[in-house]
Each structure stands twice: as structure tokens, then as C-alpha cells.
Amino acid sequence: MFEIGVSHYLILSGILFSIGFVGVLRRKNLLMLFFATEIMLNAVNVAFAAIGNYYGDLSGQMFAFFIIAVAASEVAVGLGLLIILYKKYGSLDLDVISSMKG
Amino acid sequence: MYEFIAFYVFAISTTVLFGITALSKNVLYAMTALAAGMVMISGLFFLLGADFLGVVQLIVYVGAVMALYAFAMMFFDATKDVKEKHGNPTLVFLLGGLMALVFVVMFSAPIIGENIQALYPVGLSENLGMSGNAQDVGLVLFTKYLIPFEVAALMLLVAMIAGIILAGKKMDYSLTECEAADDELKDEELKVELEKGEA
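Taken in order, these protein sequences are the chains called A and B.
If you count by my numbering, then the first sequence holds residues 1482 to 1583, one letter each, in order.
If you count by my numbering, then the second sequence holds residues -13 to 185, one letter each, in order.
No lab work stands behind these hints, which were simulated from the structure alone.
Positions of the beta carbon are idealized from the N, C-alpha and C atoms, including for glycine.
Mixed in with the good hints there might be a few duds.
To be verified - Think about it this way: if two alpha-carbon atoms lie no more than 25 Å apart in a straight line, the pair counts; the simulated PhoX-like pairs of lysine-lysine are: (1) B:K69 / A:K1568; (2) B:K66 / A:K1509; (3) A:K1568 / A:K1509; (4) B:K71 / A:K1568; (5) A:K1569 / B:K69; (6) B:K11 / B:K66; (7) B:K11 / A:K1509; (8) A:K1569 / B:K66; (9) B:K69 / B:K11; (10) B:K71 / B:K11; (11) B:K69 / A:K1509; (12) A:K1569 / B:K11; (13) A:K1509 / B:K71; (14) B:K71 / A:K1569; (15) B:K66 / A:K1568; (16) A:K1568 / B:K11; (17) A:K1569 / A:K1509.
Stated by the list, open to error - Here are some chain B residues the structure puts well away from chain A; computed CB gaps all over 10 Å: (18) A22; (19) E112; (20) N113; (21) L114; (22) M116; (23) S117; (24) G118; (25) K177; (26) E179; (27) L180; (28) K182; (29) G183.
Throw the hints in and build the complete structure from the sequences for me.
Structure representation (C-alpha cells):
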């Protein structure tokens, strides 16, 4: 009853990932969309660390480490692009800045 | 027992905080909830024995990434509530639930697999008379994962330069209207010269 196994962590990771996924699907503001992608990246990190712990392997932690590096550079570039978009359109709403009518 | 309590505290708080991030209308609330959720995630890493990863999570995510978001929020109007038009919320939540199911199945598939062996087992550094997660991580990172590590460093450098060029250039006026602004400036100078000539 009080044992916490790898499945607990994986279920938590799945729940967190789907929270991020719902955020990506329903958000229309670009900054909020970025927050949702951060949630998804974190959920996957938890899964990597949990499976690495289950097998007693360090590779899971290594991959989580590189994911953190990718996320950091993504934020640096993405926020620069957001600032330019905000200067151009005065808004970060996807409905306002979308130029392709489809 | 302690692990049980700690896991549920961290799990429930991350779920609630990330839920606030995904559903809140206020950018400031969403960002604060995201930062707090990251702290709780690092607690999960400590529980899993990945001490180094937990510390990196605290430094990089809660420290650097959140500071970047807070910095970027100075450019945007963060006090207004975000107005969003939602098309079909039931479909979104249905897709999210399906995604959770697919992910649990996908992640639990390797557990069923029998013949998986640890390539870099925890406790590598004990052969060298050391112990601890940071020593293990250092040994693996600087031997087997050295090239990815260097490539990640290069990628961070590229991202830094991209950030400087995208955000830092001509901060005082609009990037896209700079040519128009230059033209207006020239027009005004011409007018001033004309007026001087008339006088």
C-alpha cells in the first residue's frame, strides 16, 4: 500500500504531460503556449529519471540533463522572437498574428 | 512511508500548480505557478535519487528560465487578463485524456521487457573510491556523453547570440518600422531645412 513504484511516477508523468498538452491545445496566447511546452518537457524529465532509477541506470538522468539544456536555449531564442512579434503586432494572440487564412 | 508521503505531496502540488499554469487567465499567476511547480518537480528528482538533476532543475529552470520569462514579461502587458477564444473545450480535454493514456502505455512498455540491462549502472564511482550521484553523473557525462555535452554547450552559445540579436538590437524603437521611422526622420530634417531656407 505504502510502496511507491516506478508506475506511480509514470502515471504522474502522463498526467503532467496531458496537462501540458491540453494547455498547448487550448491556449491562444503565445507566452502561455510557451509555459505549456515547459510543462510537457518537465513531465518527460520526470519519466526519464523514474525509468533510470528503476533500472539503476544513469542514462535516464543524462537525457533529462540534455533536455534541460535544450529547453533553456529554446526559451532564449523563443523569447527573442516573442519580443519581435510583440513589437510588430502589439499583441501575442495567435488569432491576431496569424496571416494565413485557412 | 516517508517516500509515500513525500511522493503524494509533490505529485499533488505539481499537478495543481501546473493545472493553474495551463488554465489561468493571468500571465503573472501562470508564471508564478509554473515556477512553484518546477520546485516541486525537483523534489521528485531528489526522491528518485537524481540529486544532481534536482539541483540543475532548481538552478536552470527556477533560476534562469523563470528570470528570462519575468524579464520578457516587462515587454508585454502582464496586468491585463488574457482574452482567448476557445473553440471546442470538450474535444481538447478528450484529446488530453487520450494523450495521458497513450503516454502511460508507451512509458510502461519497457517495464514489461525483460532483457534490458543497465549500461551505466548507478554507483559507477564506487570503483574509484568515491560515492554520490554527482560523482556518478560526472563520470558518465565526461566519458560516454562528452560529445553531446560539448554540442549542448555550442547550442547554448548559439542560443545566447540569437537572443542578443533578436531582443537586444534597436531596443528603443520598433524593428519592423525602422525604415519608416528613418524616412520620417529624413522628412522632418528636410522640413526644418526648408523652413530655414524660407526664413
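We went through each hint and held it up to the structure:
1. B:K69 / A:K1568: holds, 19 Å
2. B:K66 / A:K1509: holds, 15 Å
3. A:K1568 / A:K1509: Distance ~18 Å between A:K1568 and A:K1509 Cα, so the pair holds.
4. B:K71 / A:K1568: Given pair B:K71, A:K1568 holds - Cα atoms ~22 Å apart, limit 25 Å.
5. A:K1569 / B:K69: Satisfied, since the Cα-Cα distance of roughly 19 Å is no more than 25 Å.
6. B:K11 / B:K66: holds, 9 Å
7. B:K11 / A:K1509: Given pair B:K11, A:K1509 holds - Cα atoms ~11 Å apart, limit 25 Å.
8. A:K1569 / B:K66: Between A:K1569 and B:K66 the Cα gap is close to 19 Å, so the pair holds against 25 Å.
9. B:K69 / B:K11: holds, 7 Å
10. B:K71 / B:K11: holds, 12 Å
11. B:K69 / A:K1509: Given pair B:K69, A:K1509 holds - Cα atoms ~8 Å apart, limit 25 Å.
12. A:K1569 / B:K11: holds, 23 Å
13. A:K1509 / B:K71: holds, 7 Å
14. B:K71 / A:K1569: holds, 22 Å
15. B:K66 / A:K1568: Holds, at about 17 Å.
16. A:K1568 / B:K11: With a Cα-Cα distance of about 22 Å, the restraint between A:K1568 and B:K11 holds, given a limit of 25 Å.
17. A:K1569 / A:K1509: Satisfied, since the Cα-Cα distance of roughly 17 Å is no more than 25 Å.
18. A22: holds, 12 Å
19. E112: holds, 13 Å
20. N113: Fine: 14 Å to the nearest Cβ keeps B:N113 off the interface.
21. L114: holds, 15 Å
22. M116: holds, 14 Å
23. S117: holds, 14 Å
24. G118: Fine: 12 Å to the nearest Cβ keeps B:G118 off the interface.
25. K177: holds, 27 Å
26. E179: B:E179 is indeed farther than 10 Å from all Cβ atoms of chain A, at 31 Å.
27. L180: Non-interface label on B:L180 holds, nearest chain A Cβ at 32 Å vs cutoff 10 Å.
28. K182: holds, 34 Å
29. G183: The claim stands: B:G183 keeps its Cβ more than 10 Å from every Cβ of chain A (closest is about 37 Å).
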